[in-house]
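Now for the letters of each chain:
Protein chains: 4
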Amino acid sequence: MSDDAPRYAPDIQAAIDRTRADVARLHGELVRNGLVVWTGGNVSGRVPGADLFVIKPSGVSYDDLAPENMILCDLDGTAIPGAPGSERSPSSDTAAHAYVYRHMPEVGGVVHTHSTFAVAWAARGEEIPCVITAMADEFGGPIPIGPFAIIGDDSIGRGIVETLSGHRSRAVLMQNHGPFTIGVDAKDAVKAAVMVEDVARTVHYAREAGPVIPLPQEAIDRLFDRYQNVYGQSADARR
Amino acid sequence: MSDDAPRYAPDIQAAIDRTRADVARLHGELVRNGLVVWTGGNVSGRVPGADLFVIKPSGVSYDDLAPENMILCDLDGTAIPGAPGSERSPSSDTAAHAYVYRHMPEVGGVVHTHSTFAVAWAARGEEIPCVITAMADEFGGPIPIGPFAIIGDDSIGRGIVETLSGHRSRAVLMQNHGPFTIGVDAKDAVKAAVMVEDVARTVHYAREAGPVIPLPQEAIDRLFDRYQNVYGQSADARR
Amino acid sequence: MSDDAPRYAPDIQAAIDRTRADVARLHGELVRNGLVVWTGGNVSGRVPGADLFVIKPSGVSYDDLAPENMILCDLDGTAIPGAPGSERSPSSDTAAHAYVYRHMPEVGGVVHTHSTFAVAWAARGEEIPCVITAMADEFGGPIPIGPFAIIGDDSIGRGIVETLSGHRSRAVLMQNHGPFTIGVDAKDAVKAAVMVEDVARTVHYAREAGPVIPLPQEAIDRLFDRYQNVYGQSADARR
Amino acid sequence: MSDDAPRYAPDIQAAIDRTRADVARLHGELVRNGLVVWTGGNVSGRVPGADLFVIKPSGVSYDDLAPENMILCDLDGTAIPGAPGSERSPSSDTAAHAYVYRHMPEVGGVVHTHSTFAVAWAARGEEIPCVITAMADEFGGPIPIGPFAIIGDDSIGRGIVETLSGHRSRAVLMQNHGPFTIGVDAKDAVKAAVMVEDVARTVHYAREAGPVIPLPQEAIDRLFDRYQNVYGQSADARR
Numbered sequence: 001m002s003d004d005a006p007r008y009a010p011d012i013q014a015a016i017d018r019t020r021a022d023v024a025r026l027h028g029e030l031v032r033n034g035l036v037v038w039t040g041g042n043v044s045g046r047v048p049g050a051d052l053f054v055i056k057p058s059g060v061s062y063d064d065l066a067p068e069n070m071i072l073c074d075l076d077g078t079a080i081p082g083a084p085g086s087e088r089s090p091s092s093d094t095a096a097h098a099y100v101y102r103h104m105p106e107v108g109g110v111v112h113t114h115s116t117f118a119v120a121w122a123a124r125g126e127e128i129p130c131v132i133t134a135m136a137d138e139f140g141g142p143i144p145i146g147p148f149a150i151i152g153d154d155s156i157g158r159g160i161v162e163t164l165s166g167h168r169s170r171a172v173l174m175q176n177h178g179p180f181t182i183g184v185d186a187k188d189a190v191k192a193a194v195m196v197e198d199v200a201r202t203v204h205y206a207r208e209a210g211p212v213i214p215l216p217q218e219a220i221d222r223l224f225d226r227y228q229n230v231y232g233q234s235a236d237a238r239r
Numbered sequence: 001m002s003d004d005a006p007r008y009a010p011d012i013q014a015a016i017d018r019t020r021a022d023v024a025r026l027h028g029e030l031v032r033n034g035l036v037v038w039t040g041g042n043v044s045g046r047v048p049g050a051d052l053f054v055i056k057p058s059g060v061s062y063d064d065l066a067p068e069n070m071i072l073c074d075l076d077g078t079a080i081p082g083a084p085g086s087e088r089s090p091s092s093d094t095a096a097h098a099y100v101y102r103h104m105p106e107v108g109g110v111v112h113t114h115s116t117f118a119v120a121w122a123a124r125g126e127e128i129p130c131v132i133t134a135m136a137d138e139f140g141g142p143i144p145i146g147p148f149a150i151i152g153d154d155s156i157g158r159g160i161v162e163t164l165s166g167h168r169s170r171a172v173l174m175q176n177h178g179p180f181t182i183g184v185d186a187k188d189a190v191k192a193a194v195m196v197e198d199v200a201r202t203v204h205y206a207r208e209a210g211p212v213i214p215l216p217q218e219a220i221d222r223l224f225d226r227y228q229n230v231y232g233q234s235a236d237a238r239r
Numbered sequence: 001m002s003d004d005a006p007r008y009a010p011d012i013q014a015a016i017d018r019t020r021a022d023v024a025r026l027h028g029e030l031v032r033n034g035l036v037v038w039t040g041g042n043v044s045g046r047v048p049g050a051d052l053f054v055i056k057p058s059g060v061s062y063d064d065l066a067p068e069n070m071i072l073c074d075l076d077g078t079a080i081p082g083a084p085g086s087e088r089s090p091s092s093d094t095a096a097h098a099y100v101y102r103h104m105p106e107v108g109g110v111v112h113t114h115s116t117f118a119v120a121w122a123a124r125g126e127e128i129p130c131v132i133t134a135m136a137d138e139f140g141g142p143i144p145i146g147p148f149a150i151i152g153d154d155s156i157g158r159g160i161v162e163t164l165s166g167h168r169s170r171a172v173l174m175q176n177h178g179p180f181t182i183g184v185d186a187k188d189a190v191k192a193a194v195m196v197e198d199v200a201r202t203v204h205y206a207r208e209a210g211p212v213i214p215l216p217q218e219a220i221d222r223l224f225d226r227y228q229n230v231y232g233q234s235a236d237a238r239r
Numbered sequence: 001m002s003d004d005a006p007r008y009a010p011d012i013q014a015a016i017d018r019t020r021a022d023v024a025r026l027h028g029e030l031v032r033n034g035l036v037v038w039t040g041g042n043v044s045g046r047v048p049g050a051d052l053f054v055i056k057p058s059g060v061s062y063d064d065l066a067p068e069n070m071i072l073c074d075l076d077g078t079a080i081p082g083a084p085g086s087e088r089s090p091s092s093d094t095a096a097h098a099y100v101y102r103h104m105p106e107v108g109g110v111v112h113t114h115s116t117f118a119v120a121w122a123a124r125g126e127e128i129p130c131v132i133t134a135m136a137d138e139f140g141g142p143i144p145i146g147p148f149a150i151i152g153d154d155s156i157g158r159g160i161v162e163t164l165s166g167h168r169s170r171a172v173l174m175q176n177h178g179p180f181t182i183g184v185d186a187k188d189a190v191k192a193a194v195m196v197e198d199v200a201r202t203v204h205y206a207r208e209a210g211p212v213i214p215l216p217q218e219a220i221d222r223l224f225d226r227y228q229n230v231y232g233q234s235a236d237a238r239r
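Residue numbers (the UniProt record's numbering), protein chains in the order written: chain C, 1 to 239; chain P, 1 to 239; chain E, 1 to 239; chain G, 1 to 239.
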């Protein structure tokens with residue numbers, strides 16, 4: 001660590017360290033679940049109790065994703081000078097992650113991938129209809145399409161926030177681009193990224209062979225409500 | 001093990017221990033065969049000689065599936081207090097498994113997954129026609145569709161039992177939900193889960209490119225009969 | 001080895017041992033290339049210099065495929081009593097392998113799988129057209145369909161032999177059943193099984209999105225001729 | 001090394017050794033990314049500072065790809081006599097690689113595969129339209145089709161060079177054959193091979209389910225320009 005490394009209170013430093021470890025490890029889940037190729041895809045996690053988040057460096061191999069290589073950023077998406085990893089550039093999607101953290105205080109994690117079937121729906125600008133119970137559980141309805149926006153300003157972040165604010169879904173398919181997912185923490189956002197590809201693939205194949213049977217709205221509501229409140233080992237099980 | 005841990009006769013305890021080990025290990029087969037993502041999917045096994053079965057805890061990672069974390073339940077699906085693993089909640093599908101064990105005494109194992117192609121047929125409510133010899137061997141005819149039913153009461157368990165009772169198939173596709181399979185033991189039910197996804201995928205691709213040739217009923221009958229009686233190393237080889 | 005174990009001349013015994021090792025190891029290639037699930041699929045190899053071949057036991061897990069578990073058979077498909085592995089039953093497809101060895105003396109290996117895309121073409125009874133150069137290299141033309149035949153007599157073996165005799169292709173898709181491949185040895189037949197699934201999948205996707213461009217017959221002939229004679233490290237490189 | 005092994009200046013020898021190691025290792029990326037089966041596919045790399053390149057031997061298993069087995073060739077595609085590996089024949093595609101190195105001095109790496117979806121587009125002779133932002137980033141527009149050409153003379157190499165000269169894309173789909181990719185070095189060409197299969201697959205699925213939304217040319221231009229100049233850790237990050 002360089003001489004100008006920032007000093008944080010011990011509890012904040014511990015939270016930073018935990019977030020670095022989580023974010024580094026969770027990139028492995030993107031690979032294990034077949035969501036990314038080469039250096040594509042990125043996971044970030046908000047540091048609990050601080051206006052900071054941790055994200056992957058740009059264009060770096062998945063084999064090099066050690067906790068100390070992750071990049072600590074402020075909520076404007078600027079790398080904190082002197083912190084471990086700061087000699088590298090953060091992911092080129094950092095501005096979009098930062099926008100989400102600034103405008104959605106309840107969000108603790110953000111994930112972006114170019115997973116095959118989610119991108120296929122995005123290329124058509126077509127939302128994924130909610131026709132299987134696992135999708136009702138997890139997303140509470142269709143997966144919405146976000147606006148077409150390209151890198152370089154706030155438009156991707158704004159499109160994510162506008163689409164997901166007040167929506168049950170933790171996933172948005174940005175048109176012609178791909179999925180962004182949010183969660184209570186980085187692990188929850190990774191789970192959403194895994195599940196959105198799973199439902200994108202399943203519903204693709206389902207529709208390809210004939211008409212699908214709609215799920216009644218009342219059933220969707222009951223499934224979503226139950227899953228948010230009951231499933232797993234405790235109230236925070238979705239994480 | 002806590003003080004209020006139940007005491008069983010040595011042979012029953014040995015059967016419980018073997019079932020815990022089998023059920024824990026067989027979840028690995030779901031992963032290895034690409035049938036599940038994240039914490040989805042569950043395997044259970046009846047304890048031979050007792051009114052008990054063993055099932056996976058709810059919402060727990062596939063890396064944490066040690067035998068001692070499996071949950072021992074009575075045939076109402078209630079975790080046995082004090083038994084190893086009982087500090088966790090059993091799978092949210094436990095009620096459906098329990099219903100099957102109560103109403104189909106010949107069943108020794110139950111599996112549920114959201115495997116891609118099986119769910120795709122389920123989303124259309126369309127049974128899988130028997131057009132390949134491997135499917136005649138294993139299932140003796142088409143894979144049937146079960147009713148639409150959602151979690152919260154006996155309706156899933158009842159739908160499974162009503163569809164599979166007297167049917168050759170060990171697999172049912174619950175409409176808009178996914179496959180449940182049964183077997184003489186947990187391994188046999190896992191094999192059925194692997195094979196139902198395999199035939200769901202193969203027949204999907206077959207039909208996608210043009211009409212398939214039906215199998216004569218007489219050939220289906222001969223193949224099914226032979227496979228149940230001859231195949232493998234002994235009469236119980238299907239396990 | 002039991003007391004009634006057969007005695008062979010040392011060179012034959014050495015050839016048996018090598019064939020056992022090859023056949024055991026090559027089953028791993030079926031798994032690695034995604035051609036089989038559960039215990040499906042089988043590889044056999046003729047013992048050079050003897051009227052014998054080695055095949056996998058029936059219904060046995062891919063984790064148990066050690067050389068000493070492989071079964072030594074005569075050309076009628078009967079396990080040699082007392083030889084290692086003979087306490088088990090040979091693969092239920094042994095009669096078909098034996099028929100091929102009896103009627104095609106140039107064949108040194110046979111493979112059968114239920115690989116997804118090859119079975120999909122078989123379920124439609126549709127030969128795979130030769131529209132990619134890799135397929136011209138390897139098979140010299142279309143992959144033919146064999147007759148519908150079910151297990152229990154010589155009809156599968158006869159269908160394979162009648163379809164492949166005098167044909168360039170080392171693979172046949174038995175209608176409603178799946179691919180059988182032959183080769184100069186077991187490895188060559190496994191390569192054909194890998195390649196037939198590869199071309200079945202590629203041509204499936206190619207045609208799904210629009211008309212494919214036919215390959216001129218003259219180009220197919222030149223590619224096949226060159227590949228049989230030049231490719232690889234020596235005249236027997238295809239093995 | 002044999003007595004007639006060539007002698008190079010130490011810096012050239014070091015560059016040869018590094019290129020051998022890179023080319024050997026990068027073949028593993030073809031396997032890891034599911035681009036090749038059996039012995040198919042080949043990677044080559046130009047030796048910086050010399051009229052030499054390194055390529056894989058013909059028909060050799062991916063398990064045998066040690067650096068010393070790679071073959072050193074001059075720019076006519078002739079193996080350098082006496083160099084390590086020269087007892088084997090170079091890949092049957094060596095002439096095409098050599099042609100590219102002779103005619104495109106800026107190219108430092110060439111890759112050829114038969115990856116499924118890229119070959120599927122090639123079999124229809126249909127370029128892949130640029131409808132997703134990741135494709136604009138990486139290729140700057142559609143992936144073009146090259147002419148039908150078969151092995152045996154310069155026609156494959158000439159087709160690659162004529163199609164890619166002055167084109168933004170580093171990938172060409174040779175009609176009825178498959179993808180060839182180029183790059184500033186072997187790693188860059190492998191990345192292009194991975195990405196071309198990724199976009200071939202994604203756009204296949206996207207179009208299969210309905211019309212895709214075109215990307216505005218202005219957006220493609222901005223994305224391509226930014227990615228070439230900004231992305232990654234430095235100006236040469238694309239490598």
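Just so you know, the hints here were simulated from the structure itself, not pulled from any lab data.
Possibly wrong hints are sitting among the right ones.
Far from chain E, by Cβ distances over 12 Å, these chain P residues were calculated [to be verified]:
1) Asp11
2) Glu106
3) Val161
4) Val184
5) His204
Listed below are several chain C residues computed to face chain G (Cβ distance under 7 Å; list not exhaustive) [unchecked claim]:
6) Asn33
7) Val37
8) Trp38
9) Val119
10) Ala120
11) Ile145
12) Pro147
13) His177
Sample of chain P residues with no beta-carbon within 12 Å of chain E, all distances over it, derived [as the list claims (entries may be wrong)]:
14) Gln13
15) Asn33
16) Pro48
17) Leu75
18) Ala79
19) Ile80
20) Pro129
21) Ala134
22) Glu138
23) Gly141
24) Asp154
25) Gly166
26) Val199
Just so it is clear, the structure is predicted and the values come from calculations on it, not from any experiment.
Glycine is no exception: its CB is placed at the ideal position from the N, C-alpha and C atoms.
Evaluation of the provided hints:
no. : hint   : in the structure
1   : Asp11  : 27 Å, holds
2   : Glu106 : 21 Å, holds
3   : Val161 : 26 Å, holds
4   : Val184 : 14 Å, holds
5   : His204 : 8 Å, violated
6   : Asn33  : 15 Å, violated
7   : Val37  : 5 Å, holds
8   : Trp38  : 5 Å, holds
9   : Val119 : 5 Å, holds
10  : Ala120 : 4 Å, holds
11  : Ile145 : 10 Å, violated
12  : Pro147 : 12 Å, violated
13  : His177 : 5 Å, holds
14  : Gln13  : 28 Å, holds
15  : Asn33  : 6 Å, violated
16  : Pro48  : 22 Å, holds
17  : Leu75  : 29 Å, holds
18  : Ala79  : 31 Å, holds
19  : Ile80  : 32 Å, holds
20  : Pro129 : 10 Å, violated
21  : Ala134 : 5 Å, violated
22  : Glu138 : 9 Å, violated
23  : Gly141 : 14 Å, holds
24  : Asp154 : 32 Å, holds
25  : Gly166 : 25 Å, holds
26  : Val199 : 9 Å, violated
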